[in-house]
Structures are given as structure tokens and as C-alpha cells.
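Since each chain sits alone in its own frame, please combine them into the complex, following the hints.
Next come the chains, spelled out residue by residue.
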Amino acid sequence: MNFLVLAAKSGLALMLIVAGSAKLAGVSGFATSVKLFMPVQGSPRAMERTAIGIATFELILGGASLAFPSVAVINLLVLATACAFLTISTIGYVRHRGKSCLCFGQLSNRVFDAVGVMRSLVIVGLAAGVAVIAVSRSAIQLSTAGHVLLLGGAVVVAVATYTAARGAAMTNEAQPI
Amino acid sequence: MRISLYLAIAQWALLLTLGLLVIGAYRQLGRVFSGKRPPSALGPAPGSSAKEFDYMRIRDNTSQIFTPTGNDGPTLLGFVDPTCPACEDLVENLSAADASGELAGFRTLLVMSDPPAYAEISPAFCSTAIEIGRPPTEAARQAYNATATPLLIAIDGKGVIRAARPATERKDIRALIHTALAPAAADEVGVTIIDPDKAVAATGDIPTQANNGGRVT
Numbered sequence: 056m057n058f059l060v061l062a063a064k065s066g067l068a069l070m071l072i073v074a075g076s077a078k079l080a081g082v083s084g085f086a087t088s089v090k091l092f093m094p095v096q097g098s099p100r101a102m103e104r105t106a107i108g109i110a111t112f113e114l115i116l117g118g119a120s121l122a123f124p125s126v127a128v129i130n131l132l133v134l135a136t137a138c139a140f141l142t143i144s145t146i147g148y149v150r151h152r153g154k155s156c157l158c159f160g161q162l163s164n165r166v167f168d169a170v171g172v173m174r175s176l177v178i179v180g181l182a183a184g185v186a187v188i189a190v191s192r193s194a195i196q197l198s199t200a201g202h203v204l205l206l207g208g209a210v211v212v213a214v215a216t217y218t219a220a221r222g223a224a225m226t227n228e229a230q231p232i
Numbered sequence: 003m004r005i006s007l008y009l010a011i012a013q014w015a016l017l018l019t020l021g022l023l024v025i026g027a028y029r030q031l032g033r034v035f036s037g038k039r040p041p042s043a044l045g046p047a048p049g050s051s052a053k054e055f056d057y058m059r060i061r062d063n064t065s066q067i068f069t070p071t072g073n074d075g076p077t078l079l080g081f082v083d084p085t086c087p088a089c090e091d092l093v094e095n096l097s098a099a100d101a102s103g104e105l106a107g108f109r110t111l112l113v114m115s116d117p118p119a120y121a122e123i124s125p126a127f128c129s130t131a132i133e134i135g136r137p138p139t140e141a142a143r144q145a146y147n148a149t150a151t152p153l154l155i156a157i158d159g160k161g162v163i164r165a166a167r168p169a170t171e172r173k174d175i176r177a178l179i180h181t182a183l184a185p186a187a188a189d190e191v192g193v194t195i196i197d198p199d200k201a202v203a204a205t206g207d208i209p210t211q212a213n214n215g216g217r218v219t
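Taken in sequence, the protein lines are chains G and F. For this note's numbering, count along the first sequence from 1 and bump the result up by 55. For this note's numbering, count along the second sequence from 1 and bump the result up by 2.
Think of the hints as simulated: they come from the structure by calculation, not from any bench. A portion of the hints provided could be inaccurate.
[Unchecked claim] Residues on chain G that point at chain F, a partial pick, calculated with CB under 10 Å:
#1 S65
#2 A68
#3 L69
#4 L204
#5 A219
[As the list claims (entries may be wrong)] No more than 25 Å apart at the CA atoms, straight line, and that leaves these computed lysine to any residue pairs for SDA-like:
#6 G:K154 with G:V170
#7 G:K154 with F:Q30
#8 G:K154 with F:S115
#9 G:K154 with F:A88
All values derive from a computational prediction rather than experimental measurement. All C-beta atoms, glycine included, are put in the ideal place defined by N, C-alpha and C.
For reference, chain F alone in the conformation it holds in the complex (with noise of 0.2 Å):
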């Protein structure tokens, strides 16, 4: 049987695809295994100090400044864009849990670097009520060592980080929240371990409007 010219080197054509497809994914999955770029060497060390940074708020196209030892209580940072699929996923789950009430007494910011624009586009950026600011400069993202998003920063109220990890799930949400509100004497076996099945299971810690954000009165 004799097969035609053009099919002999689209199959050709097709392996040499295919071929491509795979050392791409072969490389990607290199850098992640190979430790080029660990977990840990993402985001800022926990226990140093969180740095305060200009941005410009995406709502309303004011400049404000944050402030790590400027708030009441512990803070969420989330470094994030728009076109990340999976910081889409994180704006959407830190959404539910700001309407559930799980980040009443935190304040949360979201920090992009794409342009403004790109995050009318994104129906999660849209619709979320949380803070979104944009810095002028790379100096916040070296500052906490965001070389990949999403990452997500627990800073208690102290100005002190206290975990920070790439994550997208409520239960990686509600880990570090547990771990911004833990006391840091208690501490000693090192921020950066977090369990967030024990984290999800201690829902008494959690704030919510149940237990008025956490807060003893």
C-alpha cells in the first residue's frame, strides 16, 4: 500500500509537534522538580519584617501606601495578575471567604503587576470586593520575593510574616489565616510548616461573623 506524499509529512509533521509538546512540558516539569526555584525560595522569609510599599488602588486610581504595622490586625497579601489562571481561582476563593466572613479582621490586599486594564477583563478581578492595588515599580514584588504568583502572604499584626506560600484552595486560605492569628511564642517549630487539614479543622480560630472576627470582647 502506498500512502500519499502529503500524508507521509503531516505524520511527520505531527510527531515533530508532539516531540516539541513533550520537551516543553519535560523542561517546565524540570524546573519545578529540579529545584531551581524551591517553594521556599518563594516569598519573603517568615519571621522578618513585612516592607511598606506605594501602589496605586485599581477602583478608584488613588495612590495609597501600605503599611504592614499600620493596621489593627494581621493581613492577607496576595500577589496575583489577572491572566494567571490560577490567581483567578485564588481572587475567586478569598472572595467567597471575605462574603463567608472568614477574613473579617484581616485586611487583605491584592497586588497586581499587569496593566489596570487586564483586570476589567477578568470576570474574578471584576467582580471581587477585596482590595486590588497596582505598584508603580518591581520593588514590591523583590521586596517579597514574588517571583511567581499566586502568592499569598500571612503578616500578623505586628508587621511580621508570619507564612507565605503559592496558593489557590480555601483550605490553603484558611492555613494561613490560622497561622497569621497564632500566637509567635508558640511558634518554634517555624512558620513556613503548615498543615492546613489541622488549619481547616481549628475553624474555632478562624474569625467569622459568628464569633465577631475573632475578637474577645
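Next up, chain G with everything else stripped away, as it sits in the complex (with noise of 0.2 Å):
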């Protein structure tokens, strides 16, 4: 059961580190699906700046989740952040269906659809998994090293996420990885 939760945490981890830094790379365009659940319309600005909050939150909070297991409240963080998911995928499938959802900038080809809204559901089941099962504390002790190993290769799928997403923005291709 460790390995199972174990897994299902770093997966999450990795999934908002690529989301974060996919987005970052084409903030322009997830601003457009920001404005899309905006109840008042800002400046353009102001929704470019949403769209880097979100964003980074998402970077933060995965590479958080990746280099620090034992910390409960960034599991409870995660869990929460995969209800907006949820949340978010519900809406658009009903009101901007087949609208595209840019939930990993470019790199992703994905619209808000129902296959979204099951996809979503499953994170939300592993976040809650991930809270709630408890694994054993030496499954999840890390050195000082083992922290900086941790968030150093989260730092490097990152700067590879970008590059990739900005390197589809730019072929315009995008592809799902």
C-alpha cells in the first residue's frame, strides 16, 4: 500500500510541476481560459496576472509536495487544488464545451469535455487517497540531501517542461506528451 500512495503523491507532484511550468511558458493563452471563469472582466492584464498566479501556486505547490513527503498539510493542499480541478472541468463542460482548456499550456491539445471532467475525478481520487491513507514515517524520512536531490530534479522538469511547451508554441504543434 506504501508504494501505491507513495506513487500516486510523486505522479501528482510531477503532474502540477508540468501544468505550472506549461502554463508559465504560454501565460498569454491560459489567460484566454482564465477570463472564460471570470465572474467580473478585468483588464487584460489583470487576467495575465491571475493566469501567473495560478500558475506558479501550481509550480509551488508540486515541487512542495514532490521534495517535502511528510508534511500532511501539502497533501491537504494538493486535495484541494484537485477539487478546483474538478470543479473547473465541470464548468467548462457545461458552459464552454470543446473550448480548449490549455491545462498544460501547449503541450496539451485537450477541451473541456467529459473525458476532462473523468480525468479530474480520478485526480481527485488519488489526492484524497494521498491525504487520508497513511504510510508508514520511514517510507517517507528524507535526509537534507534527499530534499535538495528532490527539488533539484524539480527544478530540472520545470525548465524542461517550459522549454518543451514554448518550443510547441513556437512550431505551433502541440502535441500531448
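Structure follows, in C-alpha cells:
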């Protein structure tokens, strides 16, 4: 059980890192998706700042979740974020079906659809499992070097994703990875 | 030394993610360089006639018709999208060229296919004084073979396509301006061959406010 929970935890953390950095690579595009859900239509600059804020939050949360597995509150934050994803994908499915969600920036051509809602449900399920199921303390005990190693890995993945997303945007050939 | 289970799993997950990113980037590079879609396949063939199409002008939501031969001078037609960062660079540089008078004498039209609301979110699209239109169907994109954006097309005053290429920088824009203005008869080597540096050097041919938009008075 430890293995499954920890695999889900690291998978969710990496998903957040990839999603955050891919969004940061094409903030203007993601801001158009954010605009679909804003109750009040603000200025383009405000939308872009909101988009940057969301992407940065995902990136930091993913990095923290990956590198600090013993901090329980991070699991709850990931669960709350997954619930927000589910809410957004459900509203998107109802109101903006077929429009691009740019959930992974230019790396993905995903749109708001029923599959997206199901995917969000799975993410919520995984995040809930990680938050609720207890794992042995020894399995998540990391040394300082372990924290640094995982933070470094998170940075490398973030930079690689950012570069790939920028490249996809430049060639305008977005493909799911 | 014994590493924790989580560290082992996280390391493998990191490796897997990086591997997927490398594969994604490799496939992307492969598509660019394998010839599946060479640059020459993008845009209409030089020498062909520019096609007419209808569009909705974003600024005032009015229906318009683009008629390539109905203009006094040459035309720059850009296929762009607000969700494409490279397109934003092109729009910014076109706006700068317009502001400095380089586009005087040209009709410039930017064509997008994203929803109109998307243009409102892009600073480059919001601030440009250049006309932006959105055709109701994909027919215009198909007619101009705009399979990727940004694509900038130079059309001469007779409605003939002179050059078409992906463009983002000022030198690309200048090269297309130069091509659109160059006499067709002297263009025996083919209008697709553009040397941006030479085009930039030949600034005398570029219509500016200083030379009255390139017109002889």
C-alpha cells in the first residue's frame, strides 16, 4: 500500500509541476482560458497576472509536495487543488464545451469535455487517497540531501517542460505528452 | 546507506517524466526536420492569385470582404492567433512597423481563428491599430494553406501572391514588404527566395512617411 500511495503522491506532484511550468510558458494563452471563468471581466493585464498566479501556485505546490513528503498539510492543499480542477472542468464542460482548456499550456490540445471531467475525478480520488491513507514514517523520511535532490529534480522538470512548451508554441504543433 | 521508499519512487517518477518530455521534444523536432511539413508547404504558392474571403472585423463586429485586387497598393495578410506567443511577437512588430510608417501604402489585415474574446486578452492584439478579422469558416485558412501560425503573406497590387512565410521579426516584415514592392518581371529567380538582410539594407524601397509611403509624386 505504501508503494501505491507514494507513487500517486509523486505522480500528482509532477503533474502539478508540468502543468504549472507549461502554463507559464504560454501565459497569454492560458489567460484566455482563465477569462472564461472570471465573474468580472478585468483588464488583460489583470487576467495575465491571475494566470501567472495560478501557474506559479501549481508549480510551487508541486515542488513542495515532491520534495517534502512528510508535511501532511501539503497533501490537503493538493486535494483542495484537485477539487478546484474538478470544479473548473465541470463548469467548463457545462458552459464552454469544446473550448481549449490549455491545462498543460501548448503541450496539450485538451478541451473541456466529459473525458476531462472523468480525468479530474481520478485526480481527486488519487489526491484524497494520498491525503487520507497513512504511510509508514520511515518510508517518507528524507535526509537534507534527499530534499535537495528532489527539489533539484523538480527544477529540472520545470525547466524542461517550460522549454518544450515554448517550442511547441513556436512550431504551433501542440501534442499531448 | 539505505534510501527511503519515497525517494526511490520519486526518483523513478522524475526520470519517467523527463523521459516523456524528451520523447515529446524529440517528436516535435522530428516533425520540424523530417520534412513532414517543410516551410515551403506552408502558405499559398507564390505567383498564384490571392483569394477573396469574408470576415468579421473584431473592432466593430461588422462583416467585411477581403478583396485582394480591390486595393490601390500591395497587401500584407497575416494569419495569427492570440493564443500563439510567436503570433503576438509578429503583431507587436507589425504594430511597431505601422507606427514608424513602414506599412504606409500597404493594406494590412490580420486574420485569426481563435474566438474573438481571445483577442481581448492579448496585450499585443488589444493595442494594435492594425485591422483584425475573423472569417466565419476555415475556408480562408484552407485557401491560403495557413496550416500553422504565424504566417505572413505579401500580395502585390494586382492580387498576386508574391511571398509567404512564417514571420515574427521586423527584418521578416521588411523582407516581405520589399518583395511585395519589387517589380514582378525582375523576379525571375522566384519570389519565395527572400534574403532578409538584403531586404533590410534596401530601406530606400520601403515605403515610409519620409518618402511619402513609397509613392512617386
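These are the hints, each one checked on the structure:
1. Checking G:S65 against chain F by beta carbon gives a least distance of about 4 Å; that is within 10 Å, so the hint holds.
2. Given the 10 Å rule on beta carbons, the hint for G:A68 holds: about 8 Å separates it from the nearest Cβ of chain F.
3. For G:L69, the shortest C-beta to C-beta distance to chain F is roughly 5 Å, which falls under 10 Å, so the interface hint holds.
4. Interface restraint check for G:L204: the shortest CB-CB distance to chain F comes to about 7 Å, inside 10 Å, so the restraint holds.
5. Taken as an interface hint, G:A219 checks out: its beta carbon lies about 5 Å from the nearest beta carbon of chain F, inside 10 Å.
6. For the hint linking G:K154 to G:V170, the alpha-carbon distance of about 13 Å falls within 25 Å, and the restraint holds.
7. With a CA separation close to 24 Å, the supplied pair G:K154 and F:Q30 stays within the 25 Å bound.
8. About 13 Å separates the Cα atoms of G:K154 and F:S115, which keeps this hinted pair within 25 Å; it holds.
9. Straight-line distance between C-alpha atoms of G:K154 and F:A88 comes to about 21 Å, which keeps the hinted pair within the 25 Å bound.
Checked against the numbered hints above, the structure breaks none of them.
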